[in-house]
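J.: Taken in order, the sequence shown gives residues -26 to -1, 1 to 134; the numbers are from mature numbering (1 follows the signal peptide of the UniProt record, and there is no 0).
I should point out that these hints are in silico values taken from the structure, not numbers from a laboratory.
There may be inaccurate statements among the hints.
In silico BS3-like cross-links for lysine-lysine, where the CA-CA straight-line distance does not exceed 30 Å [to be verified]: (1) LYS34 with LYS(-21); (2) LYS(-22) with LYS77; (3) LYS(-21) with LYS77; (4) LYS10 with LYS77.
Derived DEER-like restraints, expressed as beta-carbon distance ranges [claimed, not checked]: (5) TYR96 with LYS(-20): 18 to 28 Å; (6) LYS110 with LYS79: 44 to 54 Å; (7) ILE111 with ARG(-24): 36 to 46 Å; (8) ILE119 with THR53: 16 to 26 Å; (9) LYS(-20) with ILE123: 16 to 26 Å; (10) ASN51 with ARG14: 38 to 48 Å; (11) ILE111 with LYS79: 33 to 43 Å; (12) SER12 with ALA106: 40 to 50 Å.
Bear in mind that the values here come from a model prediction, so they are computed numbers and not experimental data.
Quick reminder that beta carbons are idealized off the backbone N, C-alpha and C, glycines included.
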Amino acid sequence: MKRNKKKAIKLALGLGAIAGMRATFAPSLASHLLTKKSFRGSLNSGLAFLQLPASNVITKIISAGEIVGDKLPSTPNRTSAPQLITRIISGALVGATIFQAYKQKRSTGLLLGGLSALAMTYASFYARKYFAEGYKIEDTIIGGIEDTIAIGTGARLINS
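Use the sequences and the hints to build the structure in full.
T.: If you want it as structure tokens, here you go:
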């Protein structure tokens, strides 16, 4: 049981951080993980929708849209209230779902995922700003690098 808790903490914090970078990536990665055979039947609440094969496909499509949308000049700042709240909710949702799948307290996962998303929202915002202003790197390039980091880290996280 202790091993499950450590894994749940690692996933909730990691996926929460990814939600702070890209709000839709965390649910997409969680859905991918939770559709695996070993998790069938582990969710018996309103959170079970992430286990559905359709959710796995839909979240990936939405994530692809976020990759494009993030590069548009009209995209609002990630620290604006609607963007920030969306990222926190995304991290909290994924954290709670992961904790339930690993038979741990959902409320703990909710807090860990949400707080991790909050922290990474600001960390990634200031990192992006630093590189754009300090090194004169085009924002779309930094966004692409951020996408690569989020996808690569997420894939490694759910496959470890």
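J.: Could you run down the list of hints and mark each one as holding or not?
T.: Hint-by-hint comparison with the structure:
Restraint check for LYS34 and LYS(-21): satisfied, since their Cα atoms lie roughly 27 Å apart, inside the 30 Å limit. Between LYS(-22) and LYS77 the CA atoms are separated by roughly 8 Å; this keeps the pair inside 30 Å, and the hint holds. At roughly 12 Å between alpha-carbon atoms, LYS(-21) and LYS77 fall within 30 Å of each other, so this suggested pair holds. Distance restraint check for LYS10 and LYS77: the Cα-Cα separation of roughly 16 Å lies within the 30 Å cut-off, and the hinted pair is therefore satisfied.
One distance hint, 18 to 28 Å for the beta-carbon pair TYR96 and LYS(-20), holds here, with the actual separation near 26 Å. Take LYS110 and LYS79: their Cβ atoms lie about 47 Å apart, and the range 44 to 54 Å holds. One distance hint, 36 to 46 Å for the beta-carbon pair ILE111 and ARG(-24), holds here, with the actual separation near 41 Å. Evaluation of the 16 to 26 Å hint for ILE119 and THR53 yields a pass: the beta carbon distance comes to about 19 Å.
In this structure the hint that LYS(-20) and ILE123 lie 16 to 26 Å apart at CB holds, the actual value being about 22 Å. Remark: the range hint 38 to 48 Å for ASN51 to ARG14 is upheld by a beta-carbon distance near 40 Å. Taking 33 to 43 Å as the suggested C-beta distance range, the pair ILE111 and LYS79 conforms, at roughly 42 Å. Separation of SER12 from ALA106 is about 42 Å and conforms to the stated range, judged on CB atoms against 40 to 50 Å.
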